[in-house]
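Chains A and B, in that order, give the protein sequences.
Heads up: the first sequence begins at 1 in the working numbering, then just goes up one per residue.
Heads up: the second sequence begins at 1 in the working numbering, then just goes up one per residue.
Hints are computed from structural coordinates only; laboratory data are not their basis.
All values derive from a computational prediction rather than experimental measurement.
A portion of the hints provided could be inaccurate.
Stated by the list, open to error - Here are some chain B residues pointing at chain A (derived, C-beta under 7 Å):
1. L53
2. S57
3. L67
4. G70
5. P73
6. R74
7. A86
8. Y88
9. F99
10. A100
Here a beta-carbon is modelled for each residue, glycine too, at the ideal position from N, C-alpha and C.
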Amino acid sequence: MNTNLSGGVSLRTRARRALTGYPILVAPPFIVLFLLTCAPLIHAVWVSLHDWNLVDPDGASYAGLSGYRETLADPYLWEAVGRTVYQVVGTVTLQLGIGLAVALLLYREFPGVRVLRSVYIIPMMMTPVVVGIVWKMLLHTDFGFINWALSTVGIGKLNWLGDSTLAMPTIIGVDVWLSTPFVVIILLAGLQSVPDEVSEAASVDGASYFQQMRFVILPMIRPMIVLAVLFRVMDSIKRFDTIFIMTGGGPGNSTETLDLHAFFTGFQIFEIGSGARIAMVMLVISVTISALLLRFVRSPYEV
Amino acid sequence: MASVALKKVNKTYPNGFQAIHDLDLEIDDKEFLVLVGPSGCGKSTALRMMAGLEEISGGELWIGDRLVNGVEPRDRDIAMVFQNYALYPHMTVRANIGFALKLAKVPKKEAAARVEAAAKVLELTEQLDKKPGQLSGGQRQRVAMGRAIVRQPSVFLMDEPLSNLDAKLRVQMRSEIARLQHELGVTTIYVTHDQVEAMTMGDRVAVLKDGHLQQVESPQNLYAHPANVFVAGFIGSPAMNLYEADLTGHGLKLGSWTLDLPEGVIASRPALKQHWNRTVIVGIRPEDLEDASLATSPETGQVITSTVLLTEELGSEVIVHFELDATHVDSGDPDAVDEVGATSAVGRFDPRTRVRTGDRVDVAVAVENLHFFDPTSRMSIWD
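Please construct the entire structure, taking both the sequences and the accompanying hints into account.
And the structure:
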């Protein structure tokens, strides 16, 4: 038997195979992907290394890392980071808690549960911009449904989106309404993958409902929980649409999160270089968090 | 340790399907009772009701001197072994076995010792720090057993615990479980659809069909005196041959053959006289059919001459299918595959037999071992 695998095949043949093999087949999607993701990213990095006000489109001047130094030293950036943390932690914590509770409820079989499961997903099917507009109307101080409903039980008018302390909790509340179904779906899928027999075995072993949850069910669906958190953290860091529609970052700058900050910097005062640097800060934060979370996405079935 | 008693227990599902009908069953302390029946007979439902995993629609369930109808599974002092083992995949074997002790707040030292002891009995000591995913099927099964025995409960409930094992391992674990149960002396209710498990493991066997209890007996009595046609056909492999036959002046008219029934046969079954000159269902166990040339002094008049349809050589015996032109009776076992046509019989011949497919063969019938059943009630005819 010929053990020399390349034996008998000429260099030319091998070269031809290498050129006509995968590279040709993989090239089209690779090029598309490159143009759509890598190229803009690289361009953004390039922009971030320049001082460039779009008022003068040709006026990009190389700033190197000194631009970054300036951006990172800006207390306004860190205020935006703080607001983003507030928004993300608030949203994800509430969504995980509520999502888990709803998933446990919808996981049980009872009459109408199928309809309920479908109904619960509706918010997810709506365009965030539309959600923003609808909620803005619902939350209107004078004509909104929410304040009217509260007035019927004797609660006075609240300026949901116009009060600087109330605005962020309101933003969080709307995002909870909008995206909790996503968490529910993922956790529901996780719960449904746990065999009934395992929780039955736990109940025979002497576990109460909460002990079953704590020691058996939740550890078993841990990868799903981490996955839901990962998606939701990524998604809410870049939550732009609803905030932009409902408050536009205000009142004052009380709801101006990082991405709104980057947007305003880049496209309202046209400091595109500075805007790109803020976006880079966001990118670093996102990648770091996802890398940390991904370490916890490990199946309990593995060793 | 405790006895278990089911009194007129019923199970009706919300859709109206009644899975269990007035089940009366008493299991003594330390007894090993096997609940057997074809698929869908309600045996698992019955067991799950005892475990508390399924609500009881009617009747009473007693464990020891406690009425436990409304008691949560965790307060019933039972341990259950599931068909799929239902191990906790994220826990080590040690944690799996010790989980119940942890919940029961057994002091850590004692719990650890008990887990070690259980692991030793089940030869799992080497595997204690592995996770279920790293174990073989047989080892997982033993972990499931370990989880049950470490608790020292009053009752073991086992739901087809061996059905996911390969044949060889199943035979081994069968005797292992029987031995363990005997040593521990824990009342055990064991559900299976495998009648070999039922016959070899149980002190008594309860046969269930369509939610109705058919018979509860020791394995030997169940085999020797099946109460009705269903039990007769269900217990024993190959299954009992069941035909319609007429009791006439000369004996038993079976198809085109007439078998002499000696006085002794009739005397030992007095009720048979009332069925004279009528049709009955007759049951012949395969081992009561033998190659006449090998049978010990076959009586003429108790021999059928027939054509061999198929032989299955098992080494220690030869299963012979041959023609018999009597009307075949269905025992009502939904899992049974009907015999080739409905006009054949199955005999278990001595391995020295020379018969081959297509041969003419004289078959001796051991008439003293025949079973008779009433064709309308399908109950056995004895006295």
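Status of each hint after checking the structure:
1. Among the interface hints, the one on B:L53 holds; its C-beta lies about 5 Å from the nearest C-beta in chain A, closer than the 7 Å criterion.
2. With 7 Å as the threshold, the beta carbon of B:S57 stays out of range of chain A, its nearest partner Cβ sitting at about 18 Å, so the hint is violated.
3. With 7 Å as the threshold, the beta carbon of B:L67 stays out of range of chain A, its nearest partner Cβ sitting at about 19 Å, so the hint is violated.
4. Given the 7 Å rule on beta carbons, the hint for B:G70 is violated: about 15 Å separates it from the nearest Cβ of chain A.
5. Below 7 Å, beta-carbon pairs count as interface contacts, and B:P73 has one with chain A at about 5 Å; its hint therefore holds.
6. Checking B:R74 against chain A by beta carbon gives a least distance of about 4 Å; that is within 7 Å, so the hint holds.
7. Interface restraint check for B:A86: the shortest CB-CB distance to chain A comes to about 4 Å, inside 7 Å, so the restraint holds.
8. A cut of 7 Å between beta carbons decides the hint on B:Y88: the least distance to chain A is about 6 Å, and the hint holds.
9. The beta carbon of B:F99 is positioned within 7 Å of a beta carbon in chain A (closest approach about 5 Å), and the interface hint is therefore held.
10. Evaluation of the B:A100 hint against chain A yields a held restraint, the C-beta minimum of about 4 Å falling below 7 Å.
In the structure shown, a violation is registered for the earlier hints numbered 2, 3, 4, in ascending order.
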